[in-house]
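Which chain is which? The protein sequence lines are A and B, in order.
Letter 58 of the first sequence, counting from 1, is numbered 58 in this note's numbering, and no numbers are missing.
Letter 197 of the second sequence, counting from 1, is numbered 197 in this note's numbering, and no numbers are missing.
Hints are computed from structural coordinates only; laboratory data are not their basis.
Remember, predicted model here, so these are calculated numbers, not experimental data.
Using N, Cα and C, we set each Cβ at its ideal position, and we do this for glycine too.
Treat the hints with caution; some may be incorrect.
In silico lysine-lysine, DSS-like type, Cα no more than 25 Å apart, as pairs [as the list claims (entries may be wrong)]:
{"no.": "1", "chain 1": "B", "residue 1": "K102", "chain 2": "B", "residue 2": "K112"}
{"no.": "2", "chain 1": "A", "residue 1": "K144", "chain 2": "B", "residue 2": "K104"}
{"no.": "3", "chain 1": "B", "residue 1": "K166", "chain 2": "A", "residue 2": "K70"}
{"no.": "4", "chain 1": "B", "residue 1": "K162", "chain 2": "A", "residue 2": "K85"}
{"no.": "5", "chain 1": "A", "residue 1": "K70", "chain 2": "A", "residue 2": "K143"}
{"no.": "6", "chain 1": "B", "residue 1": "K129", "chain 2": "A", "residue 2": "K119"}
{"no.": "7", "chain 1": "A", "residue 1": "K85", "chain 2": "A", "residue 2": "K103"}
{"no.": "8", "chain 1": "B", "residue 1": "K70", "chain 2": "A", "residue 2": "K144"}
{"no.": "9", "chain 1": "B", "residue 1": "K129", "chain 2": "A", "residue 2": "K144"}
{"no.": "10", "chain 1": "B", "residue 1": "K39", "chain 2": "B", "residue 2": "K100"}
{"no.": "11", "chain 1": "B", "residue 1": "K112", "chain 2": "B", "residue 2": "K70"}
{"no.": "12", "chain 1": "A", "residue 1": "K70", "chain 2": "B", "residue 2": "K162"}
{"no.": "13", "chain 1": "A", "residue 1": "K85", "chain 2": "B", "residue 2": "K70"}
Among the chain B residues that face chain A by a calculated CB cut under 7 Å, a handful are [unchecked claim]:
{"no.": "14", "residue": "D85"}
{"no.": "15", "residue": "I86"}
{"no.": "16", "residue": "I89"}
{"no.": "17", "residue": "S130"}
{"no.": "18", "residue": "Y131"}
{"no.": "19", "residue": "I159"}
{"no.": "20", "residue": "K162"}
{"no.": "21", "residue": "S173"}
{"no.": "22", "residue": "D175"}
{"no.": "23", "residue": "S177"}
{"no.": "24", "residue": "S178"}
{"no.": "25", "residue": "G188"}
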Amino acid sequence: MRIFNLFSLCIVFALSLSACRQQPVEPLQINDAWIREAPPGASAMAGYMRITNNAENNIILHSASSPAFKAIEFHRSIEKDGVYKMEPHLHLHIASNTTIELKPGDYHLMMFNPTNTLKEGDTAVVKLFFSDKQVVSTTIPVKKA
Amino acid sequence: MNAINKAILVILAIAVSIGLGIYASGKQFALGDIHQQLKQATYLYDQQKSIANFTLIDYDNNILTPDSIKGAWTFWFFGFTHCPDICPITLGILSATVNKLKSKHNIEDDIKIIFVSVDPERDQPAKLKSYTNAFSAHALGVTAPSKQLAPFLKNMGIIAIKQLPKQESSDYSVDHSSSIFLIAPDTGISAVFGAPHNAEDIVQDFLTIRKFYQ
Numbered sequence: 001m002r003i004f005n006l007f008s009l010c011i012v013f014a015l016s017l018s019a020c021r022q023q024p025v026e027p028l029q030i031n032d033a034w035i036r037e038a039p040p041g042a043s044a045m046a047g048y049m050r051i052t053n054n055a056e057n058n059i060i061l062h063s064a065s066s067p068a069f070k071a072i073e074f075h076r077s078i079e080k081d082g083v084y085k086m087e088p089h090l091h092l093h094i095a096s097n098t099t100i101e102l103k104p105g106d107y108h109l110m111m112f113n114p115t116n117t118l119k120e121g122d123t124a125v126v127k128l129f130f131s132d133k134q135v136v137s138t139t140i141p142v143k144k145a
Numbered sequence: 001m002n003a004i005n006k007a008i009l010v011i012l013a014i015a016v017s018i019g020l021g022i023y024a025s026g027k028q029f030a031l032g033d034i035h036q037q038l039k040q041a042t043y044l045y046d047q048q049k050s051i052a053n054f055t056l057i058d059y060d061n062n063i064l065t066p067d068s069i070k071g072a073w074t075f076w077f078f079g080f081t082h083c084p085d086i087c088p089i090t091l092g093i094l095s096a097t098v099n100k101l102k103s104k105h106n107i108e109d110d111i112k113i114i115f116v117s118v119d120p121e122r123d124q125p126a127k128l129k130s131y132t133n134a135f136s137a138h139a140l141g142v143t144a145p146s147k148q149l150a151p152f153l154k155n156m157g158i159i160a161i162k163q164l165p166k167q168e169s170s171d172y173s174v175d176h177s178s179s180i181f182l183i184a185p186d187t188g189i190s191a192v193f194g195a196p197h198n199a200e201d202i203v204q205d206f207l208t209i210r211k212f213y214q
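The shape of chain B in the complex, shown without the other chains:
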C-alpha cells in the first residue's frame, strides 16, 4: 500500500467517524428537542416500548390484536358508555383532533381512535358501536371479557375500579385512568397524553411526533 492510499484511508476513516459523530449528536439533539417541543404529551417512543400482546373484541365482534392496528396511528382512551360527562368530552376532543389532522393539516395517514370499555359487563358490542359511532367515523369501540381485559389493562398501566352506587339510582360507576395513548404504525407506544386534554395541543404534538417518527 503506497503512501497516497494510506492517506486516503486515514481521511476516509476520519470522515466516517466525523459523520457518525454528527449523526449521533444530531439524533440526541433531536430527542432532547422533541421533549421540549411537546405541549401535552410525554414522549415514550425512545424507550422502544411496543404495545404488549392483546386480544380484544371490537364492536362488530371481530378480534383485535396488535397486528390489526399495524400501519395506523391509534389514539387509545379507556372509559365506559354509562359515563355521560368525561367520556363524551374526551371522545369529542379525539374526534376533533382527527378531523383537524385530516382537514386542516391534510394528513393522509390512517388515524383511528380506539375506545376501550373498562365495563364489559354492561358494554356489549352493539352498545359500544352506537356509542363510539356517535362521535367519529374513525372511532372503534373495543372490550373483552374481564379475564382477558385485566392483563391488557395491567400492561398498559390502566386503572379501572368499579364504584357501587351510594344513592338509589342502582347504577354503578367506574373510576378509570385519564390518559390518552398514541400508538405508532409499528405498534410502538409513542406518547401518553395526561389530562386535562385539549384537541389543538394533541394535534400539534401528533405533528411533532409524526415528523420525528419519519
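If we strip away everything but chain A, and leave its shape as in the complex, we get:
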C-alpha cells in the first residue's frame, strides 16, 4: 500500500512537471513570413506567411497595414481556362484549429507602393488586424525567391 502511494505520488509529480514545461499556445501564430524581393521601382510586392488559429473560435483577418507600404490587400492568384487572374479578397477566414497558407501562386498579401526600395535582407513591420480586436505585429524579411 505504501509503495502504491509512493508510486502515484511520483506520477502526480511527473505530470505536474510536464504541465509546467508545456509552452502556453498562442491563439494566433504567424510562421515563415517573407516578402518577395521585387525589381527596382516595382509598384507592388507580394507577402507570404502561414497563419494558424489555435483558438476554439473561427477568426477573420480583416486588414493589414505597414509603414513600409501605402496599402496592403489580400489577393489570390488563380489560373482558370488558361488565364491568370488576381482575385481580391476583402478578408480571410481562418477556422478554429486550422492554418491558412499565403504562398506563391495562391493567396498573398498584395503590398502596394513601398515607401522605400526593399531589398533582400531588409524587413518590414506588418500589423495584422483580426476579429475580436486582436492585432498581431510581425517583422517580415525580404527575400529573393
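Given the structure of chain A, go ahead and fit chain B onto it with the hints provided.
For chain B alone, kept in the frame of chain A given last:
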C-alpha cells in the same frame, strides 16, 4: 536496254520506294514519339505555323520584328510589371530554365526570354528594362502601343483584360493568358507550355524539341 539493265532499274526503283517508305514511317513515328515524350508542352511545330508578323518595341526603344528573333530560340511570356506574384514566379522559372540549359546541359544556342507587357499604359520601356533585367540577362522586355499590340495578341491567342480595382488602392490589375510559347530559330511556333510551369519539365521538353528540330 538489255535484261541486266532492266533488272538493275527495277531493283533501284524498289530500293528507292522502300527507302522512302522507311523515311516517311520514321518521320511519322518520330512525330508521334515527340508528343509522348513531352512532359509539359504541346508540340505545334508539325502544324508549320510561323509566328505572325509583328512590330513591337523593346526596352531600349528598338523595333522588334520576326526578323529580330531569327536564329534564336525564344521563350515568350505575357504579363505586366505591376504583377508581384505570378509574373516574377514565371520569369524566375524561365530564367532557371535558360540557366540550366546553358550550364547543366551545355546548350550553346542563342536562347532568349521575351516578356511582353500587356499593360503598355504603365509599362514604359525603362520600367520594363529594370523589371526584366532583375530576372535574367537573357530576358528582353517588349511592348507596343495598344493599337499595335492588340492584333499581335490576337494572332498569338493571348487574352489581356484590364480589371479595375474593387478597393481603394487605385491600382488596376490585368488578367492575362498563362501560356509560355517556344519559338524556334526559324520563327516557327514550336510549342506551348500550359500552366502550372516547372523549370525542369520545360528544360526536358526543350531538349526533346531541339533534338527533333535538328
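Hints, verified against the model:
no., hint, in the structure
1, B:K102 <-> B:K112, "holds, 11 Å"
2, A:K144 <-> B:K104, "holds, 22 Å"
3, B:K166 <-> A:K70, "holds, 16 Å"
4, B:K162 <-> A:K85, "holds, 10 Å"
5, A:K70 <-> A:K143, "holds, 20 Å"
6, B:K129 <-> A:K119, "holds, 18 Å"
7, A:K85 <-> A:K103, "holds, 15 Å"
8, B:K70 <-> A:K144, "violated, 33 Å"
9, B:K129 <-> A:K144, "holds, 19 Å"
10, B:K39 <-> B:K100, "holds, 17 Å"
11, B:K112 <-> B:K70, "holds, 11 Å"
12, A:K70 <-> B:K162, "holds, 22 Å"
13, A:K85 <-> B:K70, "violated, 32 Å"
14, D85, "holds, 4 Å"
15, I86, "holds, 5 Å"
16, I89, "holds, 5 Å"
17, S130, "holds, 5 Å"
18, Y131, "holds, 4 Å"
19, I159, "holds, 6 Å"
20, K162, "violated, 12 Å"
21, S173, "holds, 5 Å"
22, D175, "holds, 5 Å"
23, S177, "holds, 6 Å"
24, S178, "holds, 5 Å"
25, G188, "violated, 21 Å"
In this structure, the earlier hints numbered 8, 13, 20 and 25 are contradicted, and the remaining ones agree with it.
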